[in-house]
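Trainee: The primary structure of each chain is shown beneath.
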Amino acid sequence: AEAGGAGPVVAEAEAEAPPPPLPGLQLVQQGAEARIYRGLFLGRAAVAKLRIPKRYRHPALEERLSRRRTAQEARSLLRCRRAGISAPVVYFVDYVTNSIYLEDIVDSITVQDHINSVQRSGSDTSSLLILAEKMGELLARMHDEDLIHGDLTTSNILLRPPTEKLDLVLIDFGLSFISGLPEDKGVDLYVLEKAFLSTHPDTETVFKALLKAYAATSKKSGPVIKRLDEVRLRGRKRSMIG
Amino acid sequence: MDLRHQLELFPDCSVTLLLFNHVKNAAALRKKAMEGSMEGALINPAMIVDPFQILVAANKAVHLHKIGKMKTRTLYAEIIFSLSPNNNISDAFKKFGISDSDTAVLIVLIVDREKTVNLEDIASQVEGQQVSLDELPQLTDTAKVKKMYKVTPQEEKIGTLLDSIVCRMSTKDVL
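If you're matching them up, the sequences are chains H and X in order.
For what it's worth, this note's numbering labels the leading residue of the first sequence as -9, then goes sequentially.
For what it's worth, this note's numbering labels the leading residue of the second sequence as 238, then goes sequentially.
Isolated chain X (complex conformation) (with noise of 0.2 Å):
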């Protein structure tokens, strides 16, 4: 049910994403994650195209956090700020983060081979019902996507909408 992806680059990490539909507690898991009583980051699954768009933000979020110089204090804030288009923090937490309304949580986990992350553990915390990342689709907001990531309509013609997505996530920090 959840996807799994060890880091090629970062062989000692695992990203493991949850998918949860139907979640009635969107505010309480926010208040833990903010306070760090939960593991994960808990991203708004409406802003996702792709689980390769997640794979693409882990990867450098991981990257930057072995060489510490992550522009946010911990590697899963890093992950939510690594998927914005932009340099602006805390707009790439409202924009990617979740919201007390939400009824839908990504759930992305970094896991280190030395440590054991109890996954029914974190699911627990979720009331909610966990779905295929197959389901993915369903729950994306396609328009507000590409307001976000600001599409232009030349690019639809020579790509896909993650294609866009991810180019503007590995460059952002070269312009």
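So that you can see chain H by itself, here it is in the shape it has in the complex (with noise of 0.2 Å):
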């Protein structure tokens, strides 16, 4: 009778895409867009993202919304690497199945977890100012390329080893898009900040070294910063559209 049980949930578990047969393959994460895999793909160590279907969306929109998100992952990996900013080769994309396959950035840690250690071992914050400063140029530079990343949080950016040298990756693109308008940058900024200012406590005064770096390295920061103010003054974005 358990067996019985067991089957029709093991079928439905079964009708998604299954995992790549990638040598070493390990479950890195499971998103809810999507499954993070990481393993070997044509000899060199490679993440896989495989998007998770939404069985709640008609298929025709489910269809075109993952294609769409996996497209706009691809464009702007190479629009950023084109610009000379950190972020991971992508080796092959399926369309097929949306997934991605990208270079893995091996015994890297991501911001998140190097700030909490940092925290956490009650170290001199003063490294974090020059961390911040960091991302700060970083953005400057992706915002310059009218490049919106779209979830802006500590989690989406890595450290390259070793950690000492910040040498920051900008990884998950997939809900990006281009945009040239200090609006949409603003709101970048301001998701990264709710991010930031939640997951780390008492960084205020390093997320304020990040923009102002931002600020000193971009060349179009002024109306960025000011929508930044204005948006904080407003609450959750609100997209006025219409």
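These are calculated hints, taken from the structure and not from any lab test.
Among these hints, one or two may not hold up.
With the C-beta cut set under 8 Å, the calculated list includes, among others, these residues of chain X facing chain H [stated by the list, open to error]: (1) E245; (2) D249; (3) V293; (4) N296; (5) K297; (6) I304; (7) M307; (8) T389; (9) Q391; (10) G396; (11) D400; (12) S407; (13) V411.
No residue lacks a Cβ here, since even glycine has one placed at the ideal position from N, Cα and C.
Join these two chains into a complex; the hints should help.
Mentor: Encoded structure:
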């Protein structure tokens, strides 16, 4: 009776895209949007991002949305690299399953984990100020390319080993888009600010340093910071179209 | 001497690379390839910086072949086309395929598990010396590659030439 009960549940899970048959395969993360695996692809350490289909969506919409997010991610990653902004190399895009195979930044840690470990160890937070500067510079260069990340959090920025070098890599461009509007850039920074301050307590000075470096690096930062202040006053972002 | 790699996503397909130097019959080989009487994709090694570049092209070509969405007519033509950063097929053949005056040839074969491909048979058709893939970097024309793939100076700071190339190859159809 138990085996019979387990049957339908197993079939449901198997209907989704199976894990890619990569050597050394490990499931790294199961997010709402995608399953992330690590493994060897064509002889290299790679990350495979397989989108999770949302069954509550109409299939035509699901397909279109999935395809668009995958394409946006690929496009944005190329755009970053062309501009000299560190982001993973794209190895292969599968438009059938809307999966993307990217470079794995081996032994990297997220900025989130780094900040947490610095805070936990009671280390001098002045090192975080330098990190914030680097982040501000990186985001300024990204926005100067009119690239909006769309999901800026400290877990979407990686530190290449060795950590002390503060060599940053931007990841997860699934929600990214192209825009020159200060509003969009302001909102991008606002999203990061909310994520930053809620994840890392007592880091107001750190984020301030980030914005200072952003303003100093970006040629178009004036209107962006202005919009950021306005968005803060509004509360959650409102997309006022129509 | 040759390099073999089984495609992870297509386990019944293996990619084999053969490199030849001091080749005297490039013209004849090119003719055979065009006629379809010779198995394999004949590639100009000057445009290749690393075997990984070929693997990425081959993986994409096999994928498109399996779903019936190739842009060219044969799997081997598709591999050559996949190497190109743009969507111009004849330009891809001109730049990445071999020309009559070439003295080095890289042959790429896709071996199906059921079929057996006779490597000696193919190698014997080449009037040249088979060399190890380790010698590929010596045959690469870096300047030509950079120009073809339009690598920006900023890009060179954040990664290798191979990184820039692979990125363009894998994302060219999204743009």
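Trainee: None of the hints should be skipped; say for each whether it holds.
Mentor: Right, here's what the structure says about each hint:
1. For E245(X), the interface hint holds, the least distance from its beta-carbon to any beta-carbon of chain H being 5 Å, beneath 8 Å.
2. Taken as an interface hint, D249(X) does not check out: its beta carbon lies about 12 Å from the nearest beta carbon of chain H, beyond 8 Å.
3. Below 8 Å, beta-carbon pairs count as interface contacts, and V293(X) has one with chain H at about 6 Å; its hint therefore holds.
4. The restraint placing N296(X) at the interface with chain H holds, with a minimum CB-CB distance near 6 Å, inside the 8 Å limit.
5. The interface hint given for K297(X) holds, since its Cβ lies 6 Å from the closest Cβ of chain H, which is under the 8 Å cut-off.
6. Look at I304(X): its Cβ gets to within about 6 Å of chain H, closer than 8 Å, so that hint holds up.
7. At about 13 Å, the closest approach between the beta carbon of M307(X) and any beta carbon in chain H exceeds 8 Å, and the interface hint on this residue is violated.
8. The interface hint given for T389(X) is met, as the beta carbon of that residue sits about 6 Å from the closest beta carbon of chain H, less than 8 Å.
9. The beta carbon of Q391(X) is positioned within 8 Å of a beta carbon in chain H (closest approach about 3 Å), and the interface hint is therefore held.
10. Restraint check, G396(X) versus chain H: the minimum CB separation of about 7 Å is within 8 Å; hint holds.
11. Proximity of D400(X) to chain H holds as hinted, the smallest CB-CB distance being about 5 Å (cut-off 8 Å).
12. Given the 8 Å rule on beta carbons, the hint for S407(X) holds: about 5 Å separates it from the nearest Cβ of chain H.
13. Evaluation of the V411(X) hint against chain H yields a held restraint, the C-beta minimum of about 5 Å falling below 8 Å.
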